[in-house]
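Q: Count along the first sequence starting at 1, add 526, and that's the number in my numbering.
Think of the hints as simulated: they come from the structure by calculation, not from any bench. Incorrect hints may appear among the rest.
[Said to hold, decoys possible] Computed spacing ranges between beta-carbons, pair by pair: (1) Glu668 to Ser593: 42 to 52 Å; (2) Arg814 to Arg944: 41 to 51 Å; (3) Ala671 to Ser900: 52 to 62 Å; (4) Pro606 to Glu915: 55 to 65 Å; (5) Ala671 to Gly871: 47 to 57 Å; (6) Arg958 to Arg626: 54 to 64 Å; (7) Leu622 to Glu820: 42 to 52 Å; (8) Gly674 to Ser832: 52 to 62 Å.
All values derive from a computational prediction rather than experimental measurement. Think of the CB as a built atom: it goes at the ideal place given N, C-alpha and C, for glycine as much as any other residue.
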Amino acid sequence: MSVRVRIAPSPTGDPHVGTAYIALFNYAFARHQGGKFILRIEDTDQTRSSLESEAAILRALKWVGLSWDEGPDVGGPFGPYRQSERVALYGEHAKLLIQRGKAYRCFCGAERLAELRKQQLAAKGALGYDGLCRALPAEESERRAAAGESFVVRMAMPREGDCIFRDRLRGEIKFANSGIDDQVLLKSDGFPTYHLANVVDDHLMQITHVIRAEEWISSTPKHVLLYEAFGWQAPEFVHMPLLRNKDKSKISKRKNPVSLDYYRDAGILPEALRNFLALMGWSIAADRERFTLEEMVGAFDLDRVSTGEPVFDLVKLMDLNGQYIRELSNEALVERLQEWRMGSGFMNRVAPLVRERMKTLGDFMAQGAFFFLSEIDLKASVAQMIPKERTAKETAAILKEYIERLDDPGPELGGGRRRIELNDKSLEEFSRAFCEANKWQPKELFMALRIALTGKSATPPLFSTMEVLGRELTRKRLRGAAEQLEALK
RNA sequence: GUCCCCAUCGUCCAGAGGCCCAGGACGCUGGCCUUUCAAGCCGGUAACAGGGGUUCGAAUCCCCUUGGGGACACCA
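The whole structure should be built from the sequences, with the hints applied where relevant.
A: In structure tokens:
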């Protein structure tokens, strides 16, 4: 049987480095084995998924040099490759499990579940559904469903025995069945949860190896039990280590740039990022760390992936990137610069902002350098960010809060759950409301933002600057400024 | 709290019982080169978490402790 693996991102946000990381290892394994690498979109969360996010993920994965044999954009024999287009399938499979007594309808509402959770928390016991609806007679369940009552479908997990499975990197892993929750398989909107959709699709798409991040280990027993309930053979499981922040916690955007777009905008070469990611948990040889994708494919061996807890270290990435840049021919470097931000596309966005402040063409760089810099030097200007009546700590805090709210403005900032668009008008509106809500003068906050983003107190209009800088650089620079303020004493 | 995973320099990796008083890279650091700064070259710094076993022999195997992490949603 030939190898078939997949990357299954959920299109609910920016293209994540973790996705590229796991995709890379799936890709290397598939190619080395002469198998297929599939891209499947797991958009079963109707409220959070978007086509824009999907497009961004595909674009970013291509950017790091990956390609796939089957997927929503290229098609393939096991399509559709977007789970939202396969909902009927999951419904049928859920029904099958109900008929077999492996699953049941649950009519418990959100209030009861919240109450249950509260009690369990208070009792310091195990969290999870108590199985109330599991005891419902089939006829009653049918009748209430037919009457239009809202329900979810839960899996009836075995109450005794153990669930044992093998992880390729970690060996045998054992969970007591009694500790496995009666997982929701089908939500009340008729859409499947991850667990159902993932298992059904992996089986139908004939996936042979599930290579995914370590965070999934604890839900693997649910999946194994699902395969058993369906009477299917489970694929082989390979849980890759999780990428980490400096403090060893799971990599997160509060502590690390996490979007692939950031690395692109910050001037990282895709091949350097790809190479760096490959180094997380794997090596091609003891004394070698630079290699091409093709070389990785040629040498790849899943059994030589280590299970440590790799910290994503920007400093090392930068060094690698420098090596890649030095290796480029002059022509290639100029080409890369143009593709990046020195081409007419980006220049056309910068020029209108900078031109008013130019006396000679040469002033362009002096006035607009910060649009291109990877790192803003704030040493000389940190102190200027702090308004007269405020402290460094307060200023750091407001910058951090600003970053948070930009991505997740509460209803009081008029954003609902959608993040703020990065354009002059919405930024201005948001920022003024933000000042109001936090009792900061616009001129206080705006100067802090200006310096944090540009390193200068005299710049083009703030919000246009943010728009052109882009979301990722904006976030990174504001966070960097906040950190420098905190380091002040 | 419950369950699970992990454990070599500050960081990323090498090490699959003797080749290891542990090797490479980043970082930091001394020097060379050089009008400067990088780059490059030469050198230094720095680790097998602790304790028990197994074995002639353990960084490598087993157990315990400790530490770190993850999961416990009608999110994936």
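Q: Indicate, hint by hint, whether the structure satisfies it.
A: Verification of the hints:
| no. | hint | result |
| --- | --- | --- |
| 1 | Glu668 to Ser593: 42 to 52 Å | holds (48 Å) |
| 2 | Arg814 to Arg944: 41 to 51 Å | holds (46 Å) |
| 3 | Ala671 to Ser900: 52 to 62 Å | holds (58 Å) |
| 4 | Pro606 to Glu915: 55 to 65 Å | holds (59 Å) |
| 5 | Ala671 to Gly871: 47 to 57 Å | holds (55 Å) |
| 6 | Arg958 to Arg626: 54 to 64 Å | holds (59 Å) |
| 7 | Leu622 to Glu820: 42 to 52 Å | holds (44 Å) |
| 8 | Gly674 to Ser832: 52 to 62 Å | holds (53 Å) |
Violation of the numbered hints given earlier is absent; every hint is satisfied by the structure.
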